[in-house]
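Chain A is fixed; fit chain B onto it per the hints.
Protein chains in written order, with our numbering: chain A, 23 to 1015; chain B, 23 to 1015.
Hints listed in this document are in silico derivations from the structure and should not be mistaken for laboratory results.
Keep in mind that a hint or two might mislead.
A pair holds if it fits inside one copy or across any two, identical chains being indistinguishable in the list.
[Unchecked claim] Taking lysine-lysine and the DSS-like style, the derived pairs with C-alpha atoms no more than 25 Å apart in a straight line are:
1. LYS30 to LYS111
2. LYS872 to LYS794
3. LYS818 to LYS801
4. LYS824 to LYS794
5. LYS240 to LYS115
6. LYS957 to LYS580
7. LYS115 to LYS103
8. LYS869 to LYS662
9. LYS375 to LYS257
10. LYS550 to LYS565
11. LYS325 to LYS346
12. LYS655 to LYS527
13. LYS257 to LYS653
Every value quoted in this text rests on a predicted model; they were computed, and no experiment measured them.
Protein chains: 2
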Amino acid sequence: MAKMAAKKYVYFFGGGKAEGMTVAKTEKERKLILGGKGSGLADMSAAGLPVPPGFTITCQACAEFYTNNRKWPAGLEEQVKANIAKVEKLTGKSFGRGPNPVLVAVRSGAAVSMPGMMDTVLNLGLNDETLKAVIELTGNERFAYDSYRRFLQMFGDVVLGLEHHDFEHVLQSVKDRFGAKLDTDLTIDGLKAVVEGYKGIYERSGKSFPQDAFEQLKLSMNAVFQSWNNPRAIKYRQLNDIRGLDGTAVNVQLMVFGNMGSDSGTGVAFTRDPSTGENKFYGEYLMNAQGEDVVAGIRTPQKIETLAKVDPKAYAQLVEIRGKLEKTYKDMQDIEFTIEKGTLYMLQTRSGKRTIFAAVRAAVEMFEEKLIDKVTAVQRVSTGQLNQLFAPVLDSGEVAQAEKSNGVLARGLPASPGGACGQVVFNAEVAEAWAKEGKKVILVRIETSPEDVGGMAVAQAVVTARGGMTSHAAVVARGMGTPCVAGAGDLQIDYAAKTVRSGDKVVREGEYVSLSGFSGTVYMGQIKVQPSEIIQVQDGKMKPADSLLFQQYNKLMKWADEFRKLGVRANADNPRDSDRAIKMGAEGVGLTRTEHMFFEGDRIVSFRRFILVAEEVKRLREELEAAGENKAKIDEIRAKLAAPEAQYNQALAELLPLQRKDFEGIFTVMGERPATIRTLDPPLHEFLPQEPGNQLEMAKTMGIDVEMVKRAVENLHEFNPMLGHRGCRLGISYPEVTAMQARAVIEAALNVKNAGGKPHPEIMIPLVGTVKELQLQRKVVEDEVAKVMAERGLKKLPFDLKIGTMIEVPRGAVTADEVAKVAEFFSFGTNDLTQMTCGFSRDDAGKFLKDYVKQGIYDYDPFQTLDRAGVGELVRMAVVKGRSTRPDIKLGICGEHGGDPASVEFCHMVGLNYVSCSPYRVPVARLAAAQAALKYEYGMLTGGKAPAKKAVKAKPAAKKAAKKVTASIKKVAKKVVAKAKAVAKKPAKKGKK
Amino acid sequence: MAKMAAKKYVYFFGGGKAEGMTVAKTEKERKLILGGKGSGLADMSAAGLPVPPGFTITCQACAEFYTNNRKWPAGLEEQVKANIAKVEKLTGKSFGRGPNPVLVAVRSGAAVSMPGMMDTVLNLGLNDETLKAVIELTGNERFAYDSYRRFLQMFGDVVLGLEHHDFEHVLQSVKDRFGAKLDTDLTIDGLKAVVEGYKGIYERSGKSFPQDAFEQLKLSMNAVFQSWNNPRAIKYRQLNDIRGLDGTAVNVQLMVFGNMGSDSGTGVAFTRDPSTGENKFYGEYLMNAQGEDVVAGIRTPQKIETLAKVDPKAYAQLVEIRGKLEKTYKDMQDIEFTIEKGTLYMLQTRSGKRTIFAAVRAAVEMFEEKLIDKVTAVQRVSTGQLNQLFAPVLDSGEVAQAEKSNGVLARGLPASPGGACGQVVFNAEVAEAWAKEGKKVILVRIETSPEDVGGMAVAQAVVTARGGMTSHAAVVARGMGTPCVAGAGDLQIDYAAKTVRSGDKVVREGEYVSLSGFSGTVYMGQIKVQPSEIIQVQDGKMKPADSLLFQQYNKLMKWADEFRKLGVRANADNPRDSDRAIKMGAEGVGLTRTEHMFFEGDRIVSFRRFILVAEEVKRLREELEAAGENKAKIDEIRAKLAAPEAQYNQALAELLPLQRKDFEGIFTVMGERPATIRTLDPPLHEFLPQEPGNQLEMAKTMGIDVEMVKRAVENLHEFNPMLGHRGCRLGISYPEVTAMQARAVIEAALNVKNAGGKPHPEIMIPLVGTVKELQLQRKVVEDEVAKVMAERGLKKLPFDLKIGTMIEVPRGAVTADEVAKVAEFFSFGTNDLTQMTCGFSRDDAGKFLKDYVKQGIYDYDPFQTLDRAGVGELVRMAVVKGRSTRPDIKLGICGEHGGDPASVEFCHMVGLNYVSCSPYRVPVARLAAAQAALKYEYGMLTGGKAPAKKAVKAKPAAKKAAKKVTASIKKVAKKVVAKAKAVAKKPAKKGKK
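Pulled out of the complex, with its shape left as it was, chain A reads as follows (with noise of 0.2 Å):
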């Protein structure tokens, strides 16, 4: 049978050359293939660098070794062979015998990095023939039989799967035996003893420690394979949202000792300040050591500066190198070097992990120091970590000791990036009578409802016991700012006795807490909390001129601006919440939920008031028309409005000058930009108390009988208040009350015009699932307008009025095109239109929404990332429908995925025009569709040269083009519909089955 030729799976490097650089034509796929530690040793290997050759097997290998049955592919053994064979030459060594044999590394490395998730074999290639000839060749025996004790231990641990603990019990027994406090204490003769010892826990678990190095090598390759899918590699590709990746590579590398003596030593260094972004050379190393012992904290690493007194011409050397590795990859680079007796060894080059403040101040000096353009600098800055810059911090070191010393209480998700450290309290109320008294709180609730707003607010921080990344709490937070710590399920809440516990811990309130919205954690006692330079400067405590990182971060910010195409508004309840809009860059508000306004101050109590009679009024005026022209029915009917109709009018109309001053608020701060308004949304269930005490105050403060608000709260209980009587519906029902705030949003309007200001209202209708729900509230809304503007003798309103709808039912978008000929803009609420259109609620899809994302139904929780094929194929249909009927209709979205970056990549894809988001996301939201922008526009994702300037403007041709596709696509479009019919109209045969 005539043989095939097998795939290449091994791929040489070493002595200045590499076979992987010509594997794949970027960097990006050269990872895919050679994992990135093998991409890594190729470039420097191919540039010259001083790399102990090796090869790498690629990560295809790691995939065939799974679909084949856990067994190498065929040709994988041959390719091996050969390669260790030219290791061989280029060395002058033997594997596994002769008097200069070849020790080996064999080491992991996937596409992406995953530090520490899977194994690694070092040593290999000893046994007890090349023990003698390494002792004989280095004349150190000590070293010799330590680097064999080593390889057993971790040949045994790693491939056999022998009980680590037995092989840490033979050592610590030795170490006794000999008087030895640490491993370097022991002498040779308790080296050996180790040695020995290791070898009997071989025998005793039957499993034999080969003496062969090849069979050594095929064992461990095979761990390193397996150790792909174990549960923490899993685990953390999960975590880390890592996917659609084959499997790992395998590197086998001649083995060098930092080991070998003074003059020896390993190190690893990061080619700028991974937590600065500062241009120095920043590193550790240790002489006489090999690089566990770099990790293991038992002797404290010297600075990389140092190296240059003790070893000048390696210093030198790296120094150099690391020049070089910047200009090859244009990007901060983490290295790993060894030097074994006086010489260089390059081991790895990757692209360093850096904190957001050093990512954004390297990006900046890359593009000033001319390294990269401005196109990879806007694209080098991760979205993920971009608003990390505007939180407050927990002073580190002060973290680093309450990690050691027991001080975690719990962990959570890290909900709401920041630190806060503060005064723990379980009761919104509390929380705001403290806050009042100067206190800094931290509010712990089982979970937050809208009662719990005002004391939020007021909070350094939340934590809540049950939620997830999109409850209440969180989501408010996050909209606040404010640090949170959701989900933190070991923590057991007593109200009653205002107790948090776990395990064995517990804080009463009044106690103080810290915790780290970074990373979840919730500290025992005060730990020193740093605000954002950034946030000190745009508020005038800092000078721009003290913050270096506000600069540069205005300089990122600035580009990224240049850069997209598509709009950024905030989502802004409030002035002070305007006003971090523009600060943090927001061209203008996209969404003010007005009822979050209500739970301001004494206004609780008017809206309070309406809801008790709405129903009422409502059920009265029904009959009173249905009494047609029965007198004595109507004299009746009218006696009995009278009172709630009085009570229901006042509250408006205490309502109106606060909803006026608030709107006043807004349009001052917004100046010329726009600020978008929407009408009631929330069931009004959600303006009552549901707890017994509340409801008693509540009736207290109103001086009604409780009994009252009980019957108004179980009126209102609805099964699925997601799916209620809510958004327009309550206009709908109680069309006064968007007549009363489309009033208050006029008239604001007109006195800011007045006082010189530049208003640009729009109202926003909430949850229209069709044309005639808006067209009804539309005419509410112009009615009141026309009167406003009967009673100010106007003709025409001063100011651009855009009256338009939010989409978020799914009928909504499958009818855009009907709705559109009534609205003037759509905002797409991604939220609610998440949970109709996937048919999840996202107060309940927490039990399985986990599950879910895990067993990979959905990619991601489409509550944080918009669902495209689903939700979004919804909004893609609504933007073409929409611009069908009116071409010129301005759409945005206000959902929560207006600030995550991949959802505002697809906005960008299917041509919105603003993305809207809580303030303190503007800035990941202006850098994303940046990003979005140069990915779809410029196919540049990998960097390349910056767009000709004309192609960045927007061309004044582009609305004559869109309209010409416009009209194209409508063509089609009716075709489809004409096809579709004439389907409709012909049914497939009689189906009898």
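Same frame as chain A, but now just chain B:
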């Protein structure tokens, strides 16, 4: 100024001619202009029947009256006057003056009959002058004064809005004064006194009686125009779903008098018996009387056939006219006539209202008489009435008595048709217990839940105080064919006291009530119930030969089956329902809700055992997975897992044989017909008791602590259960349940097959939103099937097994092309699809949905009639997308809409293969499917010839044609997508505002 030719608003009839006959091409269009009455008068006049001359003012004149600020449109006055002149000329009389005065009747008449809703004025033209002329002319002073006082009262009441009781008061006091018991006892002097008294009312009111006849006419016409929008008429149109009409026509017609002596009379008649449909002349008359006397019930009218003796000439003429009218209209007519001094006059003919029994008989017999063809016969019977054929009925005499004697307890919604009588119980368990003792019970609940299903099944009928036409009670009751009155809001039910109150009436447990699910009325006490003949025949309690109704019904349905293209299946949860479904003509089971069986007998205990441990088992299994290789941890978790896992498996093992038996029953009953079994669907909390008392009982039954039950209920609580953990999400969390159900289906089918049956099982996965859910659940099913096959040594299944899904989540519809790759069939679950697409919860929407329909936001309750523009659009999209990836996919619907005629029509239009509905709706669906086919396939809405046989038969080429169309759609769709992508890449210019 040149005068423009005015629009024609008035059409003359009389003297063997009728202008109106040329006004439109079809009778239907003519009615839209002349109204029903006007059209009939024109028809009869043109046919030479003896119709008093007159003229019709069009519906459009009425519409213009409204748009013209309640004034007559230009030209109307002239036209009315010209037509009066025509009447004068034809009769040789003069209007409002002279010795031979014209008296006229002014009658309303819309395109659709609205009996009694609008106004009528008789004897118009009488004044002090013409009164004398009439006395002179007739020599009958009594008649003249009687006519005058009637006119004065009608005109005062109807036209001028004087108080009706003022007239009654005058009449009564004159009668008292003259010692007259009846109106007819009044002497001439008495009548004169009445006339004087009436004139006094006018004077006291300050409104004068116009002596000018044209003024009388003008005011009366205005009154009729205005009565179009009186509250009563508006309500009637709402209740009877009368839409799209312009207004009412007004008919002004020469008065003829049936009260001019013993040679005069008046009557109403039907060309066939409107109760039974029997082909015999049916009617009543009174000699020497006016129309209102026949209705008033003071004198007993005579049967029409006795007229043959009283006035043989008139009777012969009437019989001849009866035949002529049926030949002209090809339908049963409802006529009014008057005999004036021996001369017969026809005053009205219209299509006769009839019971469903009459409708079926008349349609079948008219076909047999060759009066109509089959197409017309099938179209003649109302789908909205059809299911009344199967319901038992309350004795109509006793009902009339109860209505008269204050015997009505409450009125609610006619949620499920049928009459019933029984003892009131307030609790499902009591219902079951009493039913076992042989008692007939009526279950009265505030609302029902799945726990009540057992009680509902044994009850004669169900009454609820809350809930709409699609509430749990209504849906389940309709499914069971149990009469139901839902949402009887006046009922105050006190479970503790075991009483139900309504106003001052109280009914205690054990006392009798009766109810009609036809009318939605609940009566105090016992009323006799008559069973439906058709059901009696189906159940073998009556021979087919003894039931003419059954024979005729059968013929009609056979014709319907010849025409329809849609298959019709039934939703059936057990063998009993399946049996009924087949008797009703179902061609398969479209939906078996397996969980309904969980409530029967002890199986609820098994399932509750499962629920109590399910979450714990899941959690521990996950912990086990996460434990990795930590053996100690693994052992610890395994120890914890042992007991709950045993309970988990045991519960499922207990359910398996029960479910298998259920399915064996269904497959056996269904014969060769397919049966679709849906896997577990409702959220688990529905299987646990919510009331503390029931929780305690559950705990006792199961021998566990009640706290365990409470905790489970609390754990399972969801804020929006509609969007919660249910449907296939349960199967994803607990695949063992799906596997158990799949095994039960397969084992049942194998057993039935082995016993000689021909099962066609279909397994349906509910609530699929993404293809991946279906893939996972499909794999669970297929793996289990493979296991069963292996156990039984089968290489392939000896029957066809289909696996498909419900499309009920909008996302499932949007991604139907993907879903179809894994689904062999779709069944549209339009209940849930409506909830999610429109964003309404069925349980809560009652609050605003009525308003929504009233305000025209939705034309119909979308839970009753499929919302074509929204939900329907998603269905249409899913049909096109589904067929695009799987051209032979089988498509059906199994929501409540499957039994709604308008929705069935839509299913036909979009080309579904079948509809599935509750067994009792199957005939409705069959008829609706036939009518849809006739409407859309042959354009024969208004009758016409039967299609050629070959047109009715399914064409073998149809499939090929459908494929061609699909391919073409795909091509066009591709273009649309490409264009859309192009647009997406070129968003409109950067939206800075």
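Same-copy or cross-copy closeness of LYS824 to LYS794 [CA-CA at most 25 Å]: within (18 Å within a copy, 42 Å between copies)
Within, between, both or neither: LYS240, LYS115 at alpha-carbon 25 Å: Within one copy only: 20 Å inside, 123 Å across.
Up to 25 Å CA-CA - LYS103 versus LYS115, copy category: within (14 Å within a copy, 126 Å between copies)
Alpha-carbon proximity context of LYS325 and LYS346, limit 25 Å: within (21 Å within a copy, 115 Å between copies)
Intra/inter-copy verdict for LYS375 and LYS257 if alpha-carbon distance must be at most 25 Å: within (20 Å within a copy, 72 Å between copies)
Same-copy or cross-copy closeness of LYS30 to LYS111 [CA-CA at most 25 Å]: within (21 Å within a copy, 111 Å between copies)
Intra- versus inter-subunit Cα pairing at 25 Å for LYS257 with LYS653: Between copies, since 19 Å is at most 25 Å while 75 Å is not.
Copy assignment of LYS957 with LYS580, given that the CA separation must stay at most 25 Å: within (18 Å within a copy, 64 Å between copies)
Status of LYS527 relative to LYS655 across identical chains (alpha carbons, at most 25 Å): So LYS655 and LYS527 pass the 25 Å test across copies only (23 Å; inside, 68 Å).
Up to 25 Å CA-CA - LYS565 versus LYS550, copy category: So LYS550 and LYS565 pass the 25 Å test inside one copy only (23 Å; across, 92 Å).
Homomeric proximity label, LYS869 with LYS662: Cα distance no greater than 25 Å: Result: close only across copies, 22 Å inter versus 48 Å intra.
Intra/inter-copy verdict for LYS872 and LYS794 if alpha-carbon distance must be at most 25 Å: between (38 Å within a copy, 15 Å between copies)
Violated hints are absent here; each numbered hint is respected by the structure.
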